Every structure is written in structure tokens, then in C-alpha cells.
Amino acid sequence: NAGVTQTPKFRVLKTGQSMTLLCAQDMNHEYMYWYRQDPGMGLRLIHYSVGEGTTAKGEVPDGYNVSRLKKQNFLLGLESAAPSQTSVYFCASSASAGSPDTQYFGPGTRLTVL
Amino acid sequence: AQSVTQLGSHVSVSEGALVLLRCNYSSSVPPYLFWYVQYPNQGLQLLLKYTSAATLVKGINGFEAEFKKSETSFHLTKPSAHMSDAAEYFCAVSYTGRRALTFGSGTRLQVQP
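Line order of the protein sequences matches chains A and B. With positions in the first sequence counted from 1, the corresponding number in our numbering is that position plus 1030. With positions in the second sequence counted from 1, the corresponding number in our numbering is that position plus 3.
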């Protein structure tokens, strides 16, 4: 049982390049989330999904897109990377039953945009 | 709107001393409150959560937190710090119907030998 995994662990992009971050969970969770972590700012929600085929905007969605084609996967895309998107990105998932649910986090992806 | 304030971005204690990490929240509805720990270069791990049952919540690794509605606080404590407790700690809040968490800015705990 791997929990929540993220690919890749590190990436360096040039301004304007695109990339996709992959999050996978094997706990059959309905809810998945993408956060970014910046120094002194805690984690901020980018987008989230309440089930396969559904997504919603979080606190800081601009410049990002997401897709949830399969229940176990949640993809975060950057179409045209900017230096302001240099950050550590965390994916999380939680079950649908009961409230509040514990969110389980992946190990993170460290992205640098030059 | 809900928010979380963590007082002190860095806290340093001696090994064996009391650990106290402060968290205050603002919420217009009854909150659910969480403490997460992040070890270097790792993801976040749940320490404990308050779900409107007992106001004193015990978590993993000897940590506990007390929900005080009158003070809108959820401070994290541990009676005796270990070197292995050195990490960053995040307080977070949510409420019924909202799955996403709102995080505080974090407190980095240093434990001196």
C-alpha cells in the first residue's frame, strides 16, 4: 500500500515551458487536492476534486489546470510556466465518508522555473 | 471566511523541555482543527485532529492539543521534547461541507541537546 505518490520529485523548467505533475493514490479515496507550499505561507489550495471527472478551483488556481480522468489519479498542469510558480507542490487525498476526513499527503514535487 | 494564525515561525526548546506551539483560528461556524507535522524533505503527516468530541485531543508521538472555544485556540503541547521532534508543524482548519483545509504559515521547532 503506497498511499499517495507523486511524479516527478524534482523538475527544473524554463519560463514558458509546460509540464504535468502526476498524483496517484491507492486508497480508493474520492477526494484529491493539489497544494503549493511557499516559505512562510503554509500550504495553499490550488485545485481539488470531489470525484472522478469533477474538479474545482481552490485559493490560487491561476496558471494551473487539472484533470481527474481516473479515480486514482489527479493531474496538475502548467501550460506556460512562470518564475512565480517556483514552489513545492503537494498532492493529498481523503475518503468521502464521514467528516472531517484526514488528508493523506504525498512526498511533494519541488519545481523550479528559471 | 476562516483563517489560522500560528504565533512564532521558529521555536527552540531544549531536549526534555515542554513544547508549546500556538494556533488561533477564526471561523464563523464550528471548526474542525488539525495539526500536521512535516519532517525535512517529506510530505505532511497528521498528528491529531479535533472533531467536536473531546476538547483534549491526544495524537501520535506524545503530542496533544486542547480546543478552547472561548480563546479560539488549539495549541499543541508535548511534555518532554525529543531530538526527533525537530520539524515544521502546521495547524489547519476546516468545517462541515468543506473538504479542503486552510493552513497556518507553520512553526519550525528546533530541539537543542
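If you are wondering where the hints come from, they were derived from the structure by calculation, not from laboratory data. Given the structure is predicted, the values throughout are model-derived calculations rather than measurements. Among the hints, erroneous ones may be present.
[Said to hold, decoys possible] What the simulated footprint calls covered on chain B by chain A, stretch by stretch (three residues with Cβ under 8 angstroms from a Cβ of chain A suffice, anywhere in the stretch; the number is not a length):
hint, region
1, 47-59
2, 107-115
[Claimed, not checked] A short list of chain A residues far from chain B (calculated; beta carbon distances all over 10 angstroms):
hint, residue
3, Gly-1088
4, Tyr-1094
5, Gln-1133
Just so you know, even glycine gets a beta-carbon here, dropped at the ideal spot from N, CA and C.
Going through the hints against the structure:
no.	hint	in the structure
1	47-59	holds (count 5)
2	107-115	holds (count 3)
3	Gly-1088	6 angstroms, violated
4	Tyr-1094	15 angstroms, holds
5	Gln-1133	6 angstroms, violated
Figure legend: structure checked against the earlier numbered hints; hints not met, in rising order: 3 and 5.
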